[in-house]
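Between the sequences and the hints, there should be enough to build the whole structure, so can you do that?
What follows is each chain in one-letter form.
2 protein chains.
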Amino acid sequence: MSVKWYEKSGDLGDIVVSTRIRLARNLEQYPFPSRLNAEQRKVINSLFEDAMKKGNSTIANDFDFISLEELNPFEARSMAERHLISPEFAARPEGHGVILNKDNSIALMLCEEDHLRLQVLSPGLALNEAYELAEKIESLLSETLNFAFSQRYGYLTECPTNLGTGLRASVMLHLPALEQVGGIQSLSKTLSKVGFTLRGTYGENSGALGALYQLSNQLSLGIDEYTALDNLKGITHQVIEQEKAAREKLDEMAIWDKVFRSYGILKNARILSSKEFFEHISNIRLGISMGIISDISIETVNVLSNDMQAATLISRYDEAKDSANRDILRAKLVRESLK
Amino acid sequence: MSVKWYEKSGDLGDIVVSTRIRLARNLEQYPFPSRLNAEQRKVINSLFEDAMKKGNSTIANDFDFISLEELNPFEARSMAERHLISPEFAARPEGHGVILNKDNSIALMLCEEDHLRLQVLSPGLALNEAYELAEKIESLLSETLNFAFSQRYGYLTECPTNLGTGLRASVMLHLPALEQVGGIQSLSKTLSKVGFTLRGTYGENSGALGALYQLSNQLSLGIDEYTALDNLKGITHQVIEQEKAAREKLDEMAIWDKVFRSYGILKNARILSSKEFFEHISNIRLGISMGIISDISIETVNVLSNDMQAATLISRYDEAKDSANRDILRAKLVRESLK
Numbered sequence: 624m625s626v627k628w629y630e631k632s633g634d635l636g637d638i639v640v641s642t643r644i645r646l647a648r649n650l651e652q653y654p655f656p657s658r659l660n661a662e663q664r665k666v667i668n669s670l671f672e673d674a675m676k677k678g679n680s681t682i683a684n685d686f687d688f689i690s691l692e693e694l695n696p697f698e699a700r701s702m703a704e705r706h707l708i709s710p711e712f713a714a715r716p717e718g719h720g721v722i723l724n725k726d727n728s729i730a731l732m733l734c735e736e737d738h739l740r741l742q743v744l745s746p747g748l749a750l751n752e753a754y755e756l757a758e759k760i761e762s763l764l765s766e767t768l769n770f771a772f773s774q775r776y777g778y779l780t781e782c783p784t785n786l787g788t789g790l791r792a793s794v795m796l797h798l799p800a801l802e803q804v805g806g807i808q809s810l811s812k813t814l815s816k817v818g819f820t821l822r823g824t825y826g827e828n829s830g831a832l833g834a835l836y837q838l839s840n841q842l843s844l845g846i847d848e849y850t851a852l853d854n855l856k857g858i859t860h861q862v863i864e865q866e867k868a869a870r871e872k873l874d875e876m877a878i879w880d881k882v883f884r885s886y887g888i889l890k891n892a893r894i895l896s897s898k899e900f901f902e903h904i905s906n907i908r909l910g911i912s913m914g915i916i917s918d919i920s921i922e923t924v925n926v927l928s929n930d931m932q933a934a935t936l937i938s939r940y941d942e943a944k945d946s947a948n949r950d951i952l953r954a955k956l957v958r959e960s961l962k
Numbered sequence: 624m625s626v627k628w629y630e631k632s633g634d635l636g637d638i639v640v641s642t643r644i645r646l647a648r649n650l651e652q653y654p655f656p657s658r659l660n661a662e663q664r665k666v667i668n669s670l671f672e673d674a675m676k677k678g679n680s681t682i683a684n685d686f687d688f689i690s691l692e693e694l695n696p697f698e699a700r701s702m703a704e705r706h707l708i709s710p711e712f713a714a715r716p717e718g719h720g721v722i723l724n725k726d727n728s729i730a731l732m733l734c735e736e737d738h739l740r741l742q743v744l745s746p747g748l749a750l751n752e753a754y755e756l757a758e759k760i761e762s763l764l765s766e767t768l769n770f771a772f773s774q775r776y777g778y779l780t781e782c783p784t785n786l787g788t789g790l791r792a793s794v795m796l797h798l799p800a801l802e803q804v805g806g807i808q809s810l811s812k813t814l815s816k817v818g819f820t821l822r823g824t825y826g827e828n829s830g831a832l833g834a835l836y837q838l839s840n841q842l843s844l845g846i847d848e849y850t851a852l853d854n855l856k857g858i859t860h861q862v863i864e865q866e867k868a869a870r871e872k873l874d875e876m877a878i879w880d881k882v883f884r885s886y887g888i889l890k891n892a893r894i895l896s897s898k899e900f901f902e903h904i905s906n907i908r909l910g911i912s913m914g915i916i917s918d919i920s921i922e923t924v925n926v927l928s929n930d931m932q933a934a935t936l937i938s939r940y941d942e943a944k945d946s947a948n949r950d951i952l953r954a955k956l957v958r959e960s961l962k
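For the protein sequence lines, the chains are V and X, in the order given. Per the numbering used here, the very first residue in the first sequence carries number 624; after that it's consecutive. Per the numbering used here, the very first residue in the second sequence carries number 624; after that it's consecutive.
Treat the hints as calculated values from the structure; they're not laboratory data. Misleading hints may appear alongside valid ones.
Which copy? The list can't say, so a pair holds if one copy fits it or any two copies do.
Here are the computed lysine-lysine pairs in the DSS-like style, where the Cα-Cα straight-line distance is at most 27 angstroms [said to hold, decoys possible]:
1) K872 / K944
2) K955 / K872
3) K812 / K955
4) K890 / K955
5) K962 / K890
6) K665 / K725
7) K898 / K816
8) K812 / K759
For clarity, every value in this text was computed on a predicted model and none was experimentally measured.
See the structure below:
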């Protein structure tokens, strides 16, 4: 396996876990995905696959086409756990294809809500870099494909909320101190008034697992891409400052205690549920960020956070199908990783 | 400081933490302690001190007379925490003296419920050895003192439950598995029917802290000393077998998980209450006993169990007077000890 994007750390990587850019595009000559038949989906999958392969060979060789119909359900769910595809996309494999590069930083979901959902993931805060990479792939595709575009609205999308740039930019933030002082809800309200969404990373309505929150732009119409990215970047820095201020107010010894208890548990537990894993790894991330822990890297935290989820474990280890065995395996893998 | 008795481990030391022998004796020519005046108490303290010093010099040099009136309250409570004196004795220092040997294995409480409460503590299961040592001290005292003795009843004591041999023998047992499977209460009932008491080590009515239970004989009248000791020894072996059987029934992985979590927490926590310390050190003791943990010794567990209690910490460290600081200090001392 090649090194994955999340095995590296990026700018402000102790708080900004990752940056995600998503571009929505649709082919001119086809109806939106909800009205496509099976045959048309197959054609569209092929069109995108061919378009990628016709590009320069360096890019072409870096990508694989994956038909979700050929994956087992755990492999598909594992991709959703690792944010490569949406959970809804993973749940209905028929006619669904993904074009994925080797380090998993670029994923093209085909026939999801739009014909193309092009996603670029990057460690740390890297909005412009990730957007430029997305743009590059989009340009490559544009050489052979025509995307539906209106002079008045911009890129056309199935859902009007994506109309215009088709761009959704987001950052995954680790906000344990804001969460602890109960500041997330009011922050989320404030942000929504100025066009941004803050929500728990895992699950639309679930509480935030591991104090991980997704901050994303909501506006795609009447705003150009770089302005949208700049706005999100500015807001991200503000949220980081708030998180840092909240950390300053926490009782220092209580934080050290919490961090080191999690350190001791992850290094020693023999049974570890996913929920508990996220709770402790969140404390480890905080500990690294605050200089309390020095012998674990953010990269290790990122790798574990990606790899220790249920479907990913099941897709890699047969024994993980049984949930009791899975918790034992998770504890073992975490111990070995932190040794 | 010389090596203390509890820094060694004895027979069956993984389950039998310690053995305690207590002999009650009263001087013929004085009323029982509840009816002594201050002057008489002083005289009695001196009589015992002189009697010890008149013995052979090896013994005499090994003992110190401690007046509780000269200790600060924390030092007195610390002695009670370490089972050298009773909590009631520690709480009322007036006219109370203790003659203590260097390794703290022999303590003579003066003017407690009886004129003399002679106690011998020993690691592991060592009933006969501890009794013989108590007997030796008692003989030494008898050379110059006359103990109240009736041909019909035996040694006379203030409370009739101690009449006869004046002997109370007990073992401190670590029974985490029996506790976990809920077997303590019925065991305790059964034992009381055959003349033995099983109760939590810390506090008469409190739950057992750290799964430590005191098993003691109740009969002192109409039974000779060695029969009483043999009976207690037999019952102790039966309880050990029950504890071992209960351990066999526990889920192995759950035990490993519990033991290693405690290991991780004690090695890493920055704040540690006394209650939590006892909970985790109990799991460590179980882990050593079951061969799960090999890099911590029973001796270390014994030392920590003696030294990490509140009054003992306060009597040794000024900073421990504040309870928040004490929990931080306890965590630090435990980490250093387990390093």
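Consistency of the hints with the structure:
1. For the homomeric pair K872 and K944, the shortest alpha-carbon distance between copies (26 angstroms) is at most 27 angstroms, but the shortest distance inside one copy (43 angstroms) is not.
2. Taking the shortest Cα distances, K955 and K872 sit within 27 angstroms of each other only across copies (24 angstroms), while inside one copy they are farther apart (35 angstroms).
3. For the identical chains of this complex, K812 and K955 are neighbours neither inside a copy (40 angstroms) nor across copies (42 angstroms), given an alpha-carbon limit of 27 angstroms.
4. Proximity of K890 to K955 under the C-alpha cut-off of 27 angstroms is found in both arrangements, the shortest distances being 9 angstroms within a copy and 19 angstroms between copies.
5. In the homo-oligomer, the alpha carbons of K962 and K890 lie at most 27 angstroms apart both inside one protomer (7 angstroms) and across protomers (15 angstroms), since each shortest distance falls under that limit.
6. Taking CA atoms no more than 27 angstroms apart as the test, K665 paired with K725 passes inside one copy only; the shortest distance there is 23 angstroms, against 88 angstroms between copies.
7. In this homomeric assembly, K898 and K816 never come within 27 angstroms of each other (Cα to Cα): the closest approach is 31 angstroms inside a single copy and 48 angstroms across copies.
8. For a Cα distance limit of 27 angstroms, the shortest separation of K812 from K759 qualifies neither inside one copy, at 35 angstroms, nor across copies, at 79 angstroms.
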